[in-house]
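Asker: One-letter residues, chain by chain:
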Amino acid sequence: MKQGMVIYAIVFICGAVVMSFEILGSRVLAPNFGSSVFVWGSLISVFLAGLSAGYYVGGRLADINPSSKKLGLMIMVPGVFFLAFPLYSAPISDWIFMKDMGVRLSPLIASIALFLLPALFLGIVSPYTAKLMICSLHTSGKTIGTLYALSTFGSIIGTLLTSFYLISVAGVNALIMAQGVLLFIIAVPLFFMGLYCRVD
Amino acid sequence: MMRTFLVALLFVFAWAAGSLALEASEKLLFEKNSLYQYIAVVEDTAKNERYVRNQKRDYAQGGIYVNAPEKLLFEFTQLGFVSLAFLDREPRDVLFVGLGAGAMPKYFNKHYPEANTDIAEIDPDMVPVARKYFYFRENEKMRVTVEDGRIFVKRSRKKYDLVILDAYQNDYIPFHLTTVEFLKEVRSRLKEDGVVVSNITSPFRNKFFDSMVMTYKKAFPHLYIFRGKKSGNFIFVATANGAVKEKQEIEKRAMKIQSARKLDIDLAEIASRVEMSDDYEWSRAKILTDDFAPVNLYKYQKSGAQK
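Each protein sequence line maps, in turn, to chains X and B. Just so you know, the first sequence maps onto residues 1 to 200 in this note's numbering. Just so you know, the second sequence maps onto residues 1 to 307 in this note's numbering.
The reader is advised that the hints may include incorrect statements.
Under the rule of at most 30 Å between Cα atoms (straight-line distance), these lysine-lysine pairs were calculated in the DSSO-like manner [to be verified]: (1) Lys-191(B) / Lys-99(X); (2) Lys-110(B) / Lys-154(B); (3) Lys-99(X) / Lys-184(B); (4) Lys-230(B) / Lys-99(X); (5) Lys-99(X) / Lys-158(B); (6) Lys-32(B) / Lys-71(B); (7) Lys-230(B) / Lys-245(B); (8) Lys-247(B) / Lys-110(B); (9) Lys-159(B) / Lys-247(B); (10) Lys-99(X) / Lys-159(B).
The set of hints was computed from the structure by calculation and includes no laboratory data.
Produce the entire structure from the sequences given, and follow the hints as far as they go.
Answerer: And the structure:
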């Protein structure tokens, strides 16, 4: 059951990272798009779109011989996005600002460009781990409930920690990159766990 | 069981509503949850004053004397006009960021009817409130644009003599209107020798105050500070160019403006309060940037920076 605890911890951290990234996203958008209701609406809906696409894709991927190694790789993808974030975020935002697609469309397009893919990959984690635990560790349906709860609980902690504290500790770009590092760190044990199952 | 629960719930609501009640002399004229804030227009029938508030019993965001709506009720609105004494010419193009009850632009437009006055206000519901309850009227020379202040400044192609930043509320400061990048964008919209004035509500020295001082000093060559006597307001006046303004010169000009424009505020007295920002030097205070600006947390943190 040790391996199960590691998976739980990973799901918790991924849940925290998603919401921390969303809070920081509002800061990324404000210089070019303000903090109008359109900015908040764009930001939240794009994160939800990313997560829902991620849940769907994650479920499909979980049916193709899931393994802890593959999960590690999929967690490293948003890690790469986060580490490179300062390189592309300002140029993309500036470009969309210059194009001026209006007060609604501008922040929506910017949110899609900056946040959709990382949110999608983080959304994959929950369904993928659920299948992996059930088929390789032979756990029961209880596992799924626990994963949902931990993921959402992680999101709560990520939201509070970021908005109440982290924002006064370091700059937005530094915080996003630190989360990239964190994702790489939690991906490491997945390569040594050797959890997998064959689905016929 | 259900009924007991409902009765208990009713009591809780009644208690909550009671705790929100206004002073005996206060009357609620209007309330609305807009996209951005709770707006309450409250009239004090004993003092004959009318306020707009973001919480029923919070500090007012703006207000008027009911019997003399053309006067400036709040000290910070009076203080702000000291910025006129820093201009080397008559203001022709002026920008207000933040409308509130519209007291400051209304007053300015009355005494400078020839100047072009732009106002950027994020909340579409504030405009009819200012119009209906605070006698604010747009006219050919004075126009409100409903837009985030930062976006208005970034998109503007106009140059201004004077920019008045008054978009910080007591309980919420939009961080993107505090950063050195924003102030530089404002500076790029100023004519040569233009002036920026900002209303800062803060206790004297906490992390927010220190950082605001250092950020303004980073973005502008000269900063002058005026302290409210009746309120915890500070007025920052920053100039884009030119030499340091001497105290005597500012006072003399303030007196001239006061009589030439028939201002019913004691501008000369306000000018005499000028403090040079050389006295405000906290090198360890953090400069606010788009990347790092925890303004709403800083408001509750004690200053650690020393001179």
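Asker: For every hint, state whether the structure bears it out.
Answerer: Now the hints, each set against the structure:
no. : hint                    : in the structure
1   : Lys-191(B) / Lys-99(X)  : 26 Å, holds
2   : Lys-110(B) / Lys-154(B) : 28 Å, holds
3   : Lys-99(X) / Lys-184(B)  : 22 Å, holds
4   : Lys-230(B) / Lys-99(X)  : 47 Å, violated
5   : Lys-99(X) / Lys-158(B)  : 19 Å, holds
6   : Lys-32(B) / Lys-71(B)   : 26 Å, holds
7   : Lys-230(B) / Lys-245(B) : 26 Å, holds
8   : Lys-247(B) / Lys-110(B) : 27 Å, holds
9   : Lys-159(B) / Lys-247(B) : 27 Å, holds
10  : Lys-99(X) / Lys-159(B)  : 22 Å, holds
Checked against the numbered hints above, the structure violates only hint 4.
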